[in-house]
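Q: Residues per chain are reported as follows:
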Amino acid sequence: MSVLELRDLSVTYRRKHLPDITAVAGVNLTVERGEIVGLVGESGCGKSTLGRAASGLLPPSGGAVLFEGKPVTPLGRAPRPKRERRIQMVFQDPNSSLNGRRKVGDQIADGLELATGMPSHARRARVGELLEQVGLEPRVASRFPHEFSGGQRQRICIARALSADPSVIIADEPISALDASAQAQIANLLRELAKELDVGLVFISHDLAIVRHIADRVAVMYLGKVAEIGDTEAVWDEPLHPYSDALIGAVLHADGTGEMPEALPGDVPDPADPPTGCRFQTRCPMVMDRCREEEPILAVTHRGDERAVACWLHHE
Amino acid sequence: MSAQPATATGSLLAVRDLTIDLPGKDGPVRIVDGVDLAVDSGQVLGIAGESGSGKTMTALALLGLLPTGATTRGEAAFQGKDLLRLSTKQWRQTRGDEIGVIFQDPMTALHPMLTIERQLTEHMRRHLDLSRHDARDRAIELLRQVQLPDPVGSLRSYPHQFSGGMRQRIAIAVALACDPQLLIADEPTTALDVTVQAGVLRLLKELCERIGLAVIVVTHDLGVMSTVADHLSVFYAGRIVESGPTNELLRAPRHPYTRGLLDSLPHPERPNEPLVPIEGAPATPANRPSGCALHPRCAWAEPSCSQQVPALLPVGNGRLNACPVDPFAEGER
Numbered sequence: 001m002s003v004l005e006l007r008d009l010s011v012t013y014r015r016k017h018l019p020d021i022t023a024v025a026g027v028n029l030t031v032e033r034g035e036i037v038g039l040v041g042e043s044g045c046g047k048s049t050l051g052r053a054a055s056g057l058l059p060p061s062g063g064a065v066l067f068e069g070k071p072v073t074p075l076g077r078a079p080r081p082k083r084e085r086r087i088q089m090v091f092q093d094p095n096s097s098l099n100g101r102r103k104v105g106d107q108i109a110d111g112l113e114l115a116t117g118m119p120s121h122a123r124r125a126r127v128g129e130l131l132e133q134v135g136l137e138p139r140v141a142s143r144f145p146h147e148f149s150g151g152q153r154q155r156i157c158i159a160r161a162l163s164a165d166p167s168v169i170i171a172d173e174p175i176s177a178l179d180a181s182a183q184a185q186i187a188n189l190l191r192e193l194a195k196e197l198d199v200g201l202v203f204i205s206h207d208l209a210i211v212r213h214i215a216d217r218v219a220v221m222y223l224g225k226v227a228e229i230g231d232t233e234a235v236w237d238e239p240l241h242p243y244s245d246a247l248i249g250a251v252l253h254a255d256g257t258g259e260m261p262e263a264l265p266g267d268v269p270d271p272a273d274p275p276t277g278c279r280f281q282t283r284c285p286m287v288m289d290r291c292r293e294e295e296p297i298l299a300v301t302h303r304g305d306e307r308a309v310a311c312w313l314h315h316e
Numbered sequence: 001m002s003a004q005p006a007t008a009t010g011s012l013l014a015v016r017d018l019t020i021d022l023p024g025k026d027g028p029v030r031i032v033d034g035v036d037l038a039v040d041s042g043q044v045l046g047i048a049g050e051s052g053s054g055k056t057m058t059a060l061a062l063l064g065l066l067p068t069g070a071t072t073r074g075e076a077a078f079q080g081k082d083l084l085r086l087s088t089k090q091w092r093q094t095r096g097d098e099i100g101v102i103f104q105d106p107m108t109a110l111h112p113m114l115t116i117e118r119q120l121t122e123h124m125r126r127h128l129d130l131s132r133h134d135a136r137d138r139a140i141e142l143l144r145q146v147q148l149p150d151p152v153g154s155l156r157s158y159p160h161q162f163s164g165g166m167r168q169r170i171a172i173a174v175a176l177a178c179d180p181q182l183l184i185a186d187e188p189t190t191a192l193d194v195t196v197q198a199g200v201l202r203l204l205k206e207l208c209e210r211i212g213l214a215v216i217v218v219t220h221d222l223g224v225m226s227t228v229a230d231h232l233s234v235f236y237a238g239r240i241v242e243s244g245p246t247n248e249l250l251r252a253p254r255h256p257y258t259r260g261l262l263d264s265l266p267h268p269e270r271p272n273e274p275l276v277p278i279e280g281a282p283a284t285p286a287n288r289p290s291g292c293a294l295h296p297r298c299a300w301a302e303p304s305c306s307q308q309v310p311a312l313l314p315v316g317n318g319r320l321n322a323c324p325v326d327p328f329a330e331g332e333r
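Residue numbers (the working numbering), protein chains in the order written: chain A, 1 to 316; chain B, 1 to 333.
Hints should not be assumed to be uniformly reliable.
[As the list claims (entries may be wrong)] SDA-like cross-link-like pairs, simulated, lysine to any residue; straight-line CA separation at most 25 Å: (1) K103(A) - T284(B); (2) K205(B) - M260(A); (3) K89(B) - L66(B); (4) K103(A) - A122(A); (5) K81(B) - D179(B); (6) K25(B) - S142(A); (7) K25(B) - H146(A); (8) K16(A) - H160(B); (9) K195(A) - A164(A); (10) K25(B) - V140(A); (11) K82(A) - Q133(A); (12) K89(B) - D129(B); (13) K103(A) - L193(A); (14) K25(B) - F148(A); (15) K205(B) - G266(A); (16) K103(A) - A283(B); (17) K25(B) - N99(A); (18) K70(A) - G26(A); (19) K205(B) - A263(A); (20) K25(B) - S149(A); (21) K205(B) - D255(A); (22) K195(A) - G69(A); (23) K16(A) - M107(B).
[As the list claims (entries may be wrong)] Estimated spans, in silico, between C-beta atoms of each pair: (24) D137(B) - G76(A): 56 to 64 Å; (25) D8(A) - A329(B): 58 to 66 Å; (26) K16(A) - D150(B): 26 to 34 Å; (27) E141(B) - E137(A): 57 to 65 Å; (28) P149(B) - P74(A): 39 to 47 Å; (29) D270(A) - M113(B): 19 to 27 Å; (30) D150(B) - H302(A): 37 to 45 Å; (31) N99(A) - H123(B): 37 to 45 Å.
[To be verified] Here chain A is said to cover these stretches of chain B; the calculated rule only asks that three of the stretch's residues, wherever they fall, bring their Cβ under 8 Å from a Cβ of chain A: (32) 188–197; (33) 257–264.
Calculated from the structure, these hints are not laboratory results.
Yeah, the Cβ is synthetic: ideal placement off N, Cα and C, and Gly gets one too.
Please build the complete structure, drawing on both the sequences and the hints.
A: So, in structure tokens, the structure goes:
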């Protein structure tokens, strides 16, 4: 059983006097324990909405989110069911996700109390262990968030997520707000922890180069749907969907060759009014007549590498 | 010592020994310490560094936008003026007119309630003394130059009606409205999607070549530097640690910090190896280590590194390096 399973998930934002926006429009995705799934796409593709729905922060408007086989309760006024506390999130900006007026050790201890009900005398030692696990010294527990650098603060957020003994962590752009050297540190740390603690990790990022480095599988999203999903290395080496190809082609390399990658023309269409047929047809360099009329479904190709792609180029 | 010692004297902008102090709790804090830079027309100079490296403060000093209480030393020669010694009134004629600027987030740089026409023509009419009609024509021309689809129709639109990439193009048009000789771009593509990033970078490069604009790009992103910058200066803790032609510097970095930054990036040919981060956290100006500020994080540090601030010295091919240990003197990455 997958630790996290999205079944035809859709999430719709309702707006007053304006058409609804379906930010996630039918996504199927599974995450196993110890597996790192990268979720990439341009801004507005629905990747953050998907992450929030997967952790129960947003209610699905269709389909279901299953955590360890059972549906996740969307966050309401009632406390979260205890078992669902083992879904944890790490956010982009550690400055705004930590309380600046409380000691970091106390903030980590909250998770211990809520999720595991650990008695207060045992928490202190466990906080120290968690801090060590993320590469900090136990004695920093009595400090405040402003005494740390951005990368260290993100480590604290990760320790706090770990305090609930999670079986899946959803990390939404966890390194984008960090300095270059801290980015590599946090990316490595997340990968190590996922493998070592056997935690499923959904790594949402716009940075394809980093995702390639740490994710086992990658899902490329476009306008609320998955365009392609497969083994990271396979997708990178031979992207099948023209959108994956464009995204990978746009990555800049700091190799000093001065090569300027191709820009993908056009903008992401308005999600309130998606194009007919394939969602990518308005920008696709390979567009055919059929793409304008019929929407391709995400289906496994006959290549035998369990890669699924939503593109008429690869399906009958 | 500048990135290009040979042409420094004739450069459009020549910064010498720029030092910036900001007031702190326990007296002034040195944010930038003795920086030399030079940029010529038609050239892109890259300033790279992590947060706290002083790269943004350097850019703000060149725009006369340093926070209140900041003191500067040194010289920034530009068009017969010293940018560090201009009065508020002189800045009003220089900034926008001779030096344009674009910031990271085009949404906050543009006024949300004003039409594109108003934002483009307002300072044009004031600085260039144009009639409403002439200013409008020039606005259309500028929007064409930044390759905005439908320039005429766009004039009546508001910023929210455009995507991020298009907004940044409009912000560039606003910056170019008064025909500046120098454009300062602070993280120009950081807020943009990868797919539109390339388009904006190509535009900057083209403008540079076509109208002879000098551009200073400030960013932490070495991938961006690799595609646009002709020359690169790498900042660490308020000082330049290495500078030179971008292609050589990125292909064969000499300073351990530059090397470390490059090694921490995903390598296109080694996807399965873990990233190699620089250990520790960047030095902050208030807490700058003695001697070479990198020494607590540097694997090649020798005892002398903590005692003396290393000088930025020429190492051939127009390159400068501030590492006396110089562990990468030979060979490419």
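Q: All hints, please: hold or fail.
A: Now the hints, each set against the structure:
1. K103(A) - T284(B): At roughly 22 Å apart (the allowed maximum being 25 Å), T284(B) and K103(A) satisfy the hint.
2. K205(B) - M260(A): It holds: about 10 Å lies between the C-alpha atoms, which stays within 25 Å.
3. K89(B) - L66(B): holds (15 Å)
4. K103(A) - A122(A): holds (17 Å)
5. K81(B) - D179(B): Holds - the C-alpha atoms of D179(B) and K81(B) are around 18 Å apart, at most 25 Å.
6. K25(B) - S142(A): holds (23 Å)
7. K25(B) - H146(A): holds (15 Å)
8. K16(A) - H160(B): OK: K16(A) and H160(B) at ~18 Å, within 25 Å.
9. K195(A) - A164(A): Holds, at about 17 Å.
10. K25(B) - V140(A): Between K25(B) and V140(A) the Cα gap is close to 23 Å, so the pair holds against 25 Å.
11. K82(A) - Q133(A): Holds. K82(A) to Q133(A) sits at ~24 Å (cutoff 25 Å).
12. K89(B) - D129(B): holds (18 Å)
13. K103(A) - L193(A): Answer holds: K103(A) to L193(A) is near 24 Å, not above 25 Å.
14. K25(B) - F148(A): With a Cα-Cα distance of about 18 Å, the restraint between K25(B) and F148(A) holds, given a limit of 25 Å.
15. K205(B) - G266(A): The hint holds at about 20 Å.
16. K103(A) - A283(B): holds (23 Å)
17. K25(B) - N99(A): holds (24 Å)
18. K70(A) - G26(A): holds (19 Å)
19. K205(B) - A263(A): This hinted pair holds, its Cα atoms lying about 14 Å apart.
20. K25(B) - S149(A): Roughly 19 Å separates the two Cα atoms, so the pair holds.
21. K205(B) - D255(A): holds (18 Å)
22. K195(A) - G69(A): The hint holds at about 21 Å.
23. K16(A) - M107(B): Measuring from Cα to Cα gives roughly 24 Å; hence the hint holds.
24. D137(B) - G76(A): 56 to 64 Å: This hint holds: roughly 58 Å between Cβ atoms.
25. D8(A) - A329(B): 58 to 66 Å: 59 Å Cβ-Cβ, so the 58 to 66 Å window holds.
26. K16(A) - D150(B): 26 to 34 Å: holds (30 Å)
27. E141(B) - E137(A): 57 to 65 Å: holds (60 Å)
28. P149(B) - P74(A): 39 to 47 Å: Given about 41 Å between the Cβ atoms, the range holds.
29. D270(A) - M113(B): 19 to 27 Å: The hinted range 19 to 27 Å holds for D270(A) and M113(B), with Cβ atoms some 22 Å apart.
30. D150(B) - H302(A): 37 to 45 Å: With a Cβ separation near 44 Å, D150(B) and H302(A) satisfy 37 to 45 Å, so the hint holds.
31. N99(A) - H123(B): 37 to 45 Å: holds (43 Å)
32. 188–197: holds (count 5)
33. 257–264: holds (count 4)
In this structure, none of the earlier numbered hints is contradicted; all agree with it.
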